[in-house]
Amino acid sequence: RFSSQEQLLENAREFRDRGLPMDVIVQDWQYWGKYGWNAMRFDEGYYPDPAKMVEELHDMDARMMLSVWSKVDPNSELGKEFTAKGFYIPGTQWVDFFNPEAAAFYWSNFSEKLLSLGIDAWWQDATEPENDDLVGRKTFAGLGEKMRLIYPLYVTKTVYEGQRKDRPDSRVFILTRSAFLGQQRYAAATWSGDIGNSWETLRRQIPAGLNFVATGMPYWTTDTGGFFRPGGGQFQDKGFHERFIRWFQYSTFCPLQRVHGYQTDTEFWRYGEQVEQEAKRYLDLRYRMFPYIYSEAARMTFEGTTLMRPLVMDFADDQTALEQNYEYMFGPAFLVAPVLEPGVESWEVYLPKADEGWIDFWTGKPSKGGQSIKVASPLEQIPLQVRAGSIVPLGPKQQFIGEKPEAPIEIRVYPGADGRFVLYEDEGDNYGYEKGEFSRIVLEWNDAAQTLIIGERKGEFTGMVKNRTFNVIWVSPDHGVGIEPTTADAVVEYTGKAVKVVRAAGK
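So the mapping is simple: our numbering equals the position in the sequence shown, first residue as 1, plus 3.
Heads up, a few of these hints could be off.
With a straight-line Cα cutoff of 30 Å, these simulated BS3-like cross-link-like pairs (lysine-lysine) come out [to be verified]:
| no. | residue 1 | residue 2 |
| --- | --- | --- |
| 1 | K283 | K377 |
| 2 | K500 | K469 |
| 3 | K283 | K168 |
| 4 | K356 | K283 |
| 5 | K116 | K55 |
| 6 | K368 | K503 |
| 7 | K368 | K356 |
Calculated directly from the structure, the hints in this document are not laboratory data.
All chains, please: the whole structure from these sequences, using the hints.
Right, here's the structure in full:
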């Protein structure tokens, strides 16, 4: 929770200096200062030049998310205007987004005072709205009791449609604490709110997230490590460090990965060498997985799938799988079983019934489906299985997305069944994909023939890397495993034409 421009920039620089991957840094509500709650102004005493701050972040190849509420201090300059125009929900400090004129006025100030600074993303906090303030009130659209659940939908609609109009070439991204069905169309992601930091709280995040994404809103996350933390002692608290590491492992396999905490510094290095080292390892894994994650994100957009999903979506006929509340799939390949207790060295994992079986991500050891197994789970290792037949593209280690666009892509093939994966790419930060400006490469594995087909590239976009190196890995015990890149079994210099890669005998 940064309280000055220099503090925010210092921490961003520290991430880069320490080689810790980071794409977005967040400014919470402390920037309003003397101007009042959500006055949409930076207090110059602490943030002398917010536009320059954003520019410096961009020069570091980082982006900025800003906390902006739907509640405005009525004593602020902006709040007095809302009062004069009758744009509050009567008896509250919440903007009546059900009133089109109030929503338009909110956005005009938002755009002029904040969007114009070049800020990249928006944290729309407390959109329930907080404290259930609509109960007993009358909104523009009707009684608050009837309208309160839909309030966050109208908040995100206002911001999404406003930015699409005023900055059409930049993708909208909104993080909001509450949601209503359909909100995903407004580029809105949701997190689980201001939670504690106990093992039980961590445990509850898994079914909470799976139930949330099952509603059709695929982007969900948590405050990694918990919002309410064990005070200043957390930096020396080894028990909390263990819990944080396990939580960070879990968040690596959430649709969004983020860290946040209440009235505290949360940067990894403040917790000592072990926490920083493990955070870096899993950040490296997360960033290496970007080709896989982004391709699945495209499927979510075009096909309505979800990246993180309960086992019922893939194994509906397996009764035992349906009873697993704390395991889930991350895309078509990964079975994730987070460790949810302290001091363990092994963890029981149920492998859903799948004729093709499963392969341990860390060891390459194959196992049959339809059974529970004990897997090694030292503190540095989350139990992670890959469905046989999967094709997983992995990119380079990098400090930010897009740092190494021409780097080789490692293609890990997990034998045991036929498999297919569609590698998707586009420009990354505009809406060209809505006009068909993207590319797809179909990867197909024939297990009987031990052959991988890297299909012809379909489509193109501005800045597309036309010639790529694919390092193909046939995963086997102790080969093609873990986070680090593996020496290729076959190297393909890809130009966009279809290529057949045959697995050599003994490989």
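Is the straight-line distance between the alpha-carbon of K116 and that of K55 30 Å or less? holds, 14 Å
Below or equal to 30 Å on CA atoms is what counts here, so check K356 against K283. Violated - the C-alpha atoms of K283 and K356 are around 34 Å apart, more than 30 Å.
Tell me if the straight-line CA distance from K283 to K168 falls inside 30 Å. violated, 38 Å
Would the pair K368 and K503 pass a check requiring their Cα atoms to be no farther apart than 30 Å? holds, 26 Å
Are the Cα positions of K283 and K377 separated by 30 Å at most? holds, 26 Å
Pair hint K368 and K356, alpha-carbon separation not exceeding 30 Å: holds, 17 Å
Decide if the proposed pair is consistent with the structure: K500 and K469, CA atoms, cutoff 30 Å inclusive. holds, 10 Å
In summary, the structure is inconsistent with hints 3 and 4 from the numbered list given earlier, while agreeing with the others.
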